[in-house]
Amino acid sequence: MNQVPLQVYIDKTLHERLRLVAQRQGVTQSELVRKYLYRGLDKDLGPDDPALEIIGLGAGKRTDLAHKHDQYLVLKEKENWQK
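1 is the number of the first residue of the sequence shown in our numbering; add one for each residue after it.
Because the hints were derived from the structure by calculation, they are not lab data. Note that the coordinates shown come from a computational prediction; the quantities given were computed from them, not determined experimentally. Heads up, some of the hints might be wrong.
Quick list of in silico lysine-lysine cross-link-like pairs, DSBU-like style, CA-CA up to 30 Å [said to hold, decoys possible]:
hint	residue 1	residue 2
1	Lys78	Lys43
2	Lys68	Lys78
3	Lys61	Lys12
4	Lys78	Lys61
5	Lys76	Lys43
6	Lys61	Lys76
7	Lys12	Lys35
8	Lys68	Lys35
Between beta-carbon pairs, the in silico distance windows are [as the list claims (entries may be wrong)]:
hint	residue 1	residue 2	range
9	Lys43	Arg19	19 to 27 Å
10	Leu45	Asp11	23 to 31 Å
11	Asp44	Leu73	18 to 26 Å
12	His67	Thr28	39 to 47 Å
13	His69	Tyr38	22 to 30 Å
14	Val74	His15	28 to 36 Å
15	Leu75	Thr13	47 to 55 Å
16	Leu20	His69	26 to 34 Å
Where a beta carbon is used, it is the ideal one built from N, C-alpha and C, also for glycine.
When you get a sec, could you build the whole thing from the sequences and use the hints?
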């Protein structure tokens, strides 16, 4: 998994609750935060939200993505239909 840092400020009460649950589950606070983020995002977006499929589409050798983004999205959708 390719991880990126994220700094979040929380109040002391929430931090203490997070620390306690992490300790009880035997995981790090970071692991617990990731777990809760995934759970919340799945609830809000749904695990099969088609918008998530375009994440990373621009990671590559395409230098014209800003201008031809619609064309690339159509190609991606055609690939999905052929599967």
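Okay, the hints, checked on the actual structure:
1. Simply put, Lys78 and Lys43 have alpha-carbon atoms about 27 Å apart, close enough for the 30 Å limit, and the pair holds.
2. Distance hint between Lys68 and Lys78 is fulfilled; the C-alpha atoms sit about 16 Å from each other, no more than 30 Å.
3. For the proposed pair Lys61 and Lys12, the alpha carbon gap of about 45 Å is over 30 Å, so the pair is violated.
4. For the suggested pair Lys78 and Lys61, the alpha carbons sit about 20 Å apart, so the restraint of at most 30 Å is met.
5. Simply put, Lys76 and Lys43 have alpha-carbon atoms about 25 Å apart, close enough for the 30 Å limit, and the pair holds.
6. Only pairs whose Cα atoms come within 30 Å are accepted, and Lys61 paired with Lys76 is accepted, the gap being roughly 16 Å.
7. For the suggested pair Lys12 and Lys35, the alpha carbons sit about 20 Å apart, so the restraint of at most 30 Å is met.
8. For the suggested pair Lys68 and Lys35, the alpha carbons sit about 35 Å apart, so the restraint of at most 30 Å is broken.
9. Remark: the range hint 19 to 27 Å for Lys43 to Arg19 is upheld by a beta-carbon distance near 24 Å.
10. Range check, Leu45 to Asp11: Cβ separation about 26 Å, and the 23 to 31 Å hint holds.
11. Restraint check, Asp44 to Leu73: a C-beta distance of roughly 22 Å satisfies the suggested window 18 to 26 Å.
12. At roughly 43 Å, the beta-carbon separation of His67 and Thr28 lies within the given 39 to 47 Å, and the hint holds.
13. Taken as a hint, the range 22 to 30 Å holds for the pair His69 and Tyr38, whose Cβ atoms sit roughly 27 Å apart.
14. Restraint check, Val74 to His15: a C-beta distance of roughly 46 Å breaks the suggested window 28 to 36 Å.
15. Distance hint for Leu75 and Thr13: a CB-CB separation of about 49 Å, consistent with the stated range 47 to 55 Å.
16. Under the hint 26 to 34 Å, the C-beta atoms of Leu20 and His69, about 45 Å apart, miss the expected range.
Hints 3, 8, 14, 16 from the earlier list are contradicted by this structure; the remaining hints agree with it.
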